[in-house]
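Protein chains: 2
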Amino acid sequence: MPEFNRQIVLAARPKGAPKNSDFRLVETPVPEPGVGELLCQTIYLSLDPYLRGSMNAAKSYAAPAETDAIAYAGPVEIGAVMGGGTVSRVLESRADRIAPGDFIVGLAGWQDYSIAPGDAVHTVHPQDAPISTALGVLGMPGMTAYTGLLNIGKPTPEETLVVAAASGAVGSVVGQIAKIKGCRVIGIAGGPEKCAFAVEVLGFDVCLDRHDPELASLLEAACPDGVDIYFENVGGSVFEAVWPLLNPFARVPVCGLISQYNAVTPQGAAMGIPEVMREILTKSINLRGFMYTDFLDQVDEFRREMGNWVSSGLVRYREHVVDGLENAPRAFQGLFKGENIGKLLVRVSPDPTL
Amino acid sequence: MPEFNRQIVLAARPKGAPKNSDFRLVETPVPEPGVGELLCQTIYLSLDPYLRGSMNAAKSYAAPAETDAIAYAGPVEIGAVMGGGTVSRVLESRADRIAPGDFIVGLAGWQDYSIAPGDAVHTVHPQDAPISTALGVLGMPGMTAYTGLLNIGKPTPEETLVVAAASGAVGSVVGQIAKIKGCRVIGIAGGPEKCAFAVEVLGFDVCLDRHDPELASLLEAACPDGVDIYFENVGGSVFEAVWPLLNPFARVPVCGLISQYNAVTPQGAAMGIPEVMREILTKSINLRGFMYTDFLDQVDEFRREMGNWVSSGLVRYREHVVDGLENAPRAFQGLFKGENIGKLLVRVSPDPTL
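Taken in sequence, the protein lines are chains Z and V. Heads up: the first sequence runs through residues 0 to 353, numbered per numbering that gives the first Met the number 0. Heads up: the second sequence runs through residues 0 to 353, numbered per numbering that gives the first Met the number 0.
Derived by calculation from the structure, the hints in this document are not laboratory data. If you're wondering where the values come from, they're calculated on a predicted model, not measured in any experiment. Just so you know, not all the hints are guaranteed correct.
Since the list can't tell identical chains apart, any single copy or any two copies may satisfy a pair.
[What the hints assert, rightly or not] In silico PhoX-like links for lysine-lysine, alpha-carbon gap of 25 Å or less:
1) Lys282 to Lys14
2) Lys336 to Lys18
3) Lys178 to Lys14
4) Lys282 to Lys153
Use the sequences and the hints to build the structure in full.
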């Protein structure tokens with residue numbers, strides 16, 4: 000049994016971009032499971048943009064009462080362990096249906112060891128797919144892409160879809176599902192390597208570099224029939240470039256605004272509310288914020304259909320794995336600088352299935 | 000047979016609020032119906048806020064290809080007859096199923112006489128309801144309220160709905176349907192007379208005066224459980240007062256922005272896009288622009304259900320009738336100053352059913 004539990008706690012609420020001193024590594028006793036509980040060792044920790052919101056004092060997402068699956072969205076207290084999705088291995092079980100050696104998906108956060116309830120965990124099986132995918136293409140980011148695109152975006156053949164962060168955990172899946180549905184897919188990503196990945200590996204029709212000063216005109220040229228679906232996950236200047244291209248009856252699922260998360264003052268406000276509202280009105284545009292938890296009743300369908308797409312190679316994915324819990328703060332900071340291609344994960348302890 | 004046809008044409012594109020000199024009354028020959036056509040005499044002309052958009056050079060609404068019912072939404076050419084919904088009496092029929100003396104709903108615009116196709120008109124019957132209601136509670140404004148509220152607003156019992164222009168053609172119906180569906184209904188209207196009408200006649204729970212400098216705090220006090228549905232028909236400062244009160248999973252049907260239509264520069268922009276997008280994201284808000292024509296397949300259901308509500312007294316309405324085509328420009332200007340209570344109509348020729 001391990002001697003102590005490394006945890007990364009919130010040391011200070013960031014002003015703007017998070018920095019090393021906003022985090023602190025502490026060592027605490029390894030917790031002991033009570034009756035019906037599990038002692039788990041974290042293998043993979045998921046680093047996602049939404050976690051930036053939990054570092055602020057204000058609540059960053061609406062948490063529906065019926066689930067605590069997004070308890071992480073509330074603010075983390077100073078001194079408390081940073082939250083986050085995890086895949087863990089069960090070391091000790093005091094619950095009936097879970098055995099040591101099982102792998103579970105949970106919200107253990109940034110730490111080596113954690114306690115999980117034995118009756119409400121989701122187990123993953125290495126024979127089905129690599130266990131890390133339960134945090135990416137087959138987990139929260141994949142389900143965000145799947146539910147937002149299918150329920151709100153409602154893609155139909157020949158339509159044009161635009162998605163930014165095209166090589167990221169959500170954007171990469173959005174674009175690939177849209178291709179499966181027969182859409183023309185335009186990605187936006189940071190730099191030539193990501194753009195090449197989106198086109199050559201993921202099969203996007205076009206991918207534009209968000210750093211290009213001519214982004215707006217390049218996007219217009221890439222969308223000769225306008226834009227029917229804009230899957231919004233970045234906000235700011237990309238939103239402003241896409242907005243004028245929206246067609247009548249366009250759909251805009253809003254799952255994230257990563258360009259804004261570190262902003263001390265809001266970024267990119269050349270347009271105002273009245274202009275946007277006028278377009279919403281005159282083009283019958285549907286703009287809808289959502290979390291995957293809004294569609295929790297579709298989780299089985301998602302796992303089945305996405306599982307098939309991934310195993311058949313119709314949906315491809317890439318993971319950016321950083322080793323060592325102590326490197327989580329630095330990796331997290333890199334997420335906002337676009338340093339990762341694909342799903343960003345921290346391997347907290349060795350993956351015994353590899 | 001009449002000798003000439005009075006028409007009001009667009010003399011100039013308004014800068015800001017329309018004024019008398021933007022319109023001109025002309026006399027032209029009475030048109031003659033061809034085979035399959037009808038010669039019609041206008042009885043009622045509907046004056047609606049959307050017409051302001053048609054006076055600009057740019058298209059003001061998305062016209063779906065499958066219908067020309069909203070051809071009026073495109074810009075009116077200088078010198079062309081102002082568009083608008085009408086109830087007319089058939090004077091001469093060269094079509095099979097329509098006879099002289101029948102009443103039809105159409106888009107004859109601001110003129111005494113017009114030609115209508117005999118095979119695509121909707122007839123109205125005075126024994127069912129006053130023929131004027133085909134332009135109000137049983138017509139486009141009523142269907143705007145009905146389809147937007149039920150399809151996008153999706154009211155459920157105990158929810159709170161806010162609607163502005165509460166005594167107007169759309170707002171008055173929105174609030175009453177919401178009451179039928181069990182909602183708490185907060186109206187906003189201009190002045191004590193309209194507010195009293197909304198509460199005492201229409202049955203709203205509360206109606207606030209939009210001129211009150213304390214509107215935002217009064218609204219907050221009137222909505223102790225937040226706002227679940229904001230039926231947006233005005234924009235500007237009312238939008239800004241309602242926005243912070245929206246609950247998670249709020250729905251915002253957007254059917255109009257009357258506060259903006261005369262604006263040379265956009266009005267009321269204390270909030271910016273980033274703030275609004277953040278709330279859309281974190282509260283899973285659904286904001287959707289629409290026209291009643293987006294739900295044309297529900298027209299029969301609307302006529303049946305709303306007809307029952309009106310005849311049973313569950314939905315009440317008021318009409319503000321101005322006599323004389325020559326008074327249409329002045330009445331239209333008054334629409335933006337809130338001079339009417341209820342549906343604004345011009346009685347172009349005497350109503351033979353009264």
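Here's how the hints hold up against the structure:
1. Lys282 to Lys14: between (38 Å within a copy, 23 Å between copies)
2. Lys336 to Lys18: within (12 Å within a copy, 54 Å between copies)
3. Lys178 to Lys14: neither (39 Å within a copy, 46 Å between copies)
4. Lys282 to Lys153: For Lys282 and Lys153, the Cα distance is within 25 Å both inside one copy (17 Å) and across copies (21 Å).
Of the hints listed earlier, the one the structure fails to meet is number 3.
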